[in-house]
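Since chain W is already given, all that's left is putting chain C on it; use the hints.
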Amino acid sequence: MIDMKARIIVTPKKAVLDPQGKTVQNALEHMGYQGVGAVHVGKYLEIDLPGADKEAWRKQIDDACHKILSNPVIEDYRFEIE
Amino acid sequence: MNFAVLQFPASNCDQDALHVVKDVLGQSARFVWHKENSLAGIDAVIIPGGFSYGDYLRTGAIARFSPIMEAVQAFAAHGGAVLGICNGFQILCEAGLLPGALIRNRSLQFRCESVFLKTTGQDSPFTNKIPNGKIMRLPIAHGEGCYFADETTLEKLKVNGQILWQYADAQGELTPSSNPNGSLWNIAGIRNEAGNVAGLMPHPERASEAILGGADGRLIFESLIFWLENKMARAA
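As you go down the protein sequences, you meet chains W and C in turn. If you're matching positions, the first sequence starts at 0 in numbering that gives the first Met the number 0 and goes up one per residue. If you're matching positions, the second sequence starts at 0 in numbering that gives the first Met the number 0 and goes up one per residue.
Be careful, since some hints might not be right.
Stated by the list, open to error - Straight-line C-alpha distance at most 25 Å; calculated SDA-like pairs for lysine to any residue:
#  : chain 1 : residue 1 : chain 2 : residue 2
1  : C       : K34       : C       : A75
2  : C       : K157      : W       : E74
3  : W       : K42       : C       : R103
4  : W       : K12       : C       : G142
5  : W       : K21       : C       : T174
6  : W       : K42       : C       : L107
7  : W       : K66       : C       : I61
8  : W       : K12       : W       : R77
9  : C       : K230      : C       : G78
10 : C       : K157      : C       : A193
11 : W       : K21       : C       : S106
12 : W       : K66       : C       : F64
13 : W       : K21       : C       : E150
14 : W       : K21       : C       : Y55
15 : W       : K21       : C       : E143
16 : W       : K58       : W       : T10
17 : W       : K42       : C       : L183
Calculated from the structure, these hints are not laboratory results.
Okay, chain W solo, but in the shape it has when bound (with noise of 0.2 Å):
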């Protein structure tokens, strides 16, 4: 029995506006900071997973992040499990 670690990163799609990103930059750059790209904030989820079938956990994870974790609308995601 090994346990697991599902890390889900959600982050908001580019083409969404995203204001909470361009205020950190801002404040970035205003604190000195300079030459910094773009800022986007997202979100970060760690779910402990029992046992060790990993394959079957990334099917499980995968539509979890599909179905309630992210809205495909606006975000993205990504995630590994380790």
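Only chain C this time, still in chain W's reference frame:
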């Protein structure tokens, strides 16, 4: 007509919505808790405003999986009228009953003020009592009301006449300064393709009596009642 006003944990405009349809407009109305799974005998569903499930994850994201929402999906698929107000609009978008999504206001501020709304299309269940050219004044109170959809979806909304309400100035012009949240095309409310499901960010239930400073919101509920009565007459 029999109205259902859904209640989720942290709904907070449910009492106002029920008050308007029941006490102000004389309809039969009852609360339906989100754990229920039947809408038997209901003619129209109102999903009220609030912060269902604390807005955790995304606004409306968790409420959309409550048991009652399966009944709402079936109800809507059979042509039942569903109106989502504020958080109710967000829930309908998350549920896929309306296209697009509501995201953080462009200003990053929670906006609580009155806005002017231009109505397009007087033939929907939600707008038929709104006089042509009427500019309604309704309150808003939200932090995540910026309507977003991709270009293809926006074009489709326009072509199908699905954009019901847009933020405007007092003269009905769709100016950037009259847009409180950065919504694309100043969109404040839309309907689905079939026409029986609509959502809007402003609060008609908070402006349906003169004592509250305005009664323009009544027009939306009166439209819905008129449409339901006609539908019933046609079925008889």
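Going through the hints against the structure:
Straight-line distance between C-alpha atoms of K34/C and A75/C comes to about 18 Å, which keeps the hinted pair within the 25 Å bound. Only pairs whose Cα atoms come within 25 Å are accepted, and K157/C paired with E74/W is accepted, the gap being roughly 24 Å. Using a Cα cut-off of 25 Å, the hinted pair K42/W and R103/C holds, with the two alpha carbons roughly 14 Å apart. For the proposed pair K12/W and G142/C, the alpha carbon gap of about 20 Å is at most 25 Å, so the pair holds.
Restraint check: the Cα-Cα separation between K21/W and T174/C comes to about 23 Å, which is no more than 25 Å; the hinted pair holds. Proposed proximity of K42/W and L107/C is supported: the alpha carbons are some 17 Å apart, at most 25 Å. Note on K66/W and I61/C: the hinted pairing holds, with a Cα-Cα distance of about 11 Å set against a maximum of 25 Å. Note on K12/W and R77/W: the hinted pairing holds, with a Cα-Cα distance of about 12 Å set against a maximum of 25 Å.
Only pairs whose Cα atoms come within 25 Å are accepted, and K230/C paired with G78/C is accepted, the gap being roughly 10 Å. With a C-alpha separation of about 14 Å, the suggested pairing of K157/C with A193/C holds against the 25 Å cut-off. Among the hinted pairs, K21/W with S106/C is consistent with the structure: their alpha-carbon atoms are about 11 Å apart, no more than 25 Å. With a CA separation close to 10 Å, the supplied pair K66/W and F64/C stays within the 25 Å bound.
The suggested pairing of K21/W with E150/C holds, with an alpha-carbon distance near 22 Å, which does not exceed 25 Å. Restraint check for K21/W and Y55/C: satisfied, since their Cα atoms lie roughly 23 Å apart, inside the 25 Å limit. Between K21/W and E143/C the alpha-carbon distance is near 17 Å, which keeps this suggested pair within the 25 Å criterion. For the hint pairing K58/W with T10/W, the CA-to-CA distance comes to about 20 Å; that is within 25 Å, so the pair holds.
Distance restraint check for K42/W and L183/C: the Cα-Cα separation of roughly 24 Å lies within the 25 Å cut-off, and the hinted pair is therefore satisfied.
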